[in-house]
Amino acid sequence: MDDQRFDELTRALAGARSRRQVIKNLAGGLAGAFAGALGLGANATAQTGPGGSDCGNNGQSCTAQQCCGGFTCLVDGTSGTEKFCCPDGNVCGQCCLPAGGVCLGGRECTCPELIPDRCPPTADNPFGECVDLQNDLLNCGSCGNACKGPGTD
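In terms of our numbering, the sequence shown is residues 1 to 153.
Calculated directly from the structure, the hints in this document are not laboratory data. A hint or two may mislead.
Unchecked claim - In silico SDA-like cross-links for lysine to any residue, where the CA-CA straight-line distance does not exceed 25 Å: (1) Lys83 x Glu113; (2) Lys83 x Pro120; (3) Lys83 x Cys103; (4) Lys83 x Leu114; (5) Lys148 x Cys103; (6) Lys83 x Pro121.
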């Protein structure tokens with residue numbers, strides 16, 4: 001996290017909030033930290049599953065293969081037929097938490113109040129990422145659109 005993003009975060013946290021909002025935001029931050037510790041942003045690599053067969057991990061398909069240990073096979077909610085491997089710690093009902101996301105009621109993947117916008121999956125974040133499109137310099141107004149600094153085209 002760079003200095004500017006840290007300053008934005010501390011200013012956002014310093015505003016008047018209820019205890020419920022503070023706890024909700026802390027839970028979102030802890031979920032994001034936990035997801036990072038599990039390697040949510042790690043690149044998928046080939047692993048060996050049961051019986052020496054290839055297995056899928058971190059967003060890879062589990063339609064024709066099993067997921068590796070530590071991953072659960074979920075059905076893609078968009079297509080309803082494609083299956084993908086989600087880290088066990090990120091499973092929320094039938095969805096997989098995006099980076100920085102929170103699980104509501106054990107079944108709904110969502111983004112917390114401070115980073116309310118969800119960007120689509122990328123190589124670094126195969127389940128999407130929660131961002132603030134109004135304040136995130138790497139997602140300026142839209143996902144993947146970095147803000148241009150002074151003196152740039």
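Tested hints:
Between Lys83 and Glu113 the alpha-carbon distance is near 29 Å, which puts this suggested pair outside the 25 Å criterion. For the given pair, Lys83 sits about 17 Å from Pro120 by alpha-carbon distance, which is consistent with the 25 Å threshold. Taking the CA atoms of Lys83 and Cys103, the gap is about 20 Å. The hint holds against a cut of 25 Å. With a CA separation close to 30 Å, the supplied pair Lys83 and Leu114 exceeds the 25 Å bound.
Annotation: proposed proximity of Lys148 to Cys103 is violated, straight-line Cα distance about 33 Å (limit 25 Å). Restraint check for Lys83 and Pro121: satisfied, since their Cα atoms lie roughly 15 Å apart, inside the 25 Å limit.
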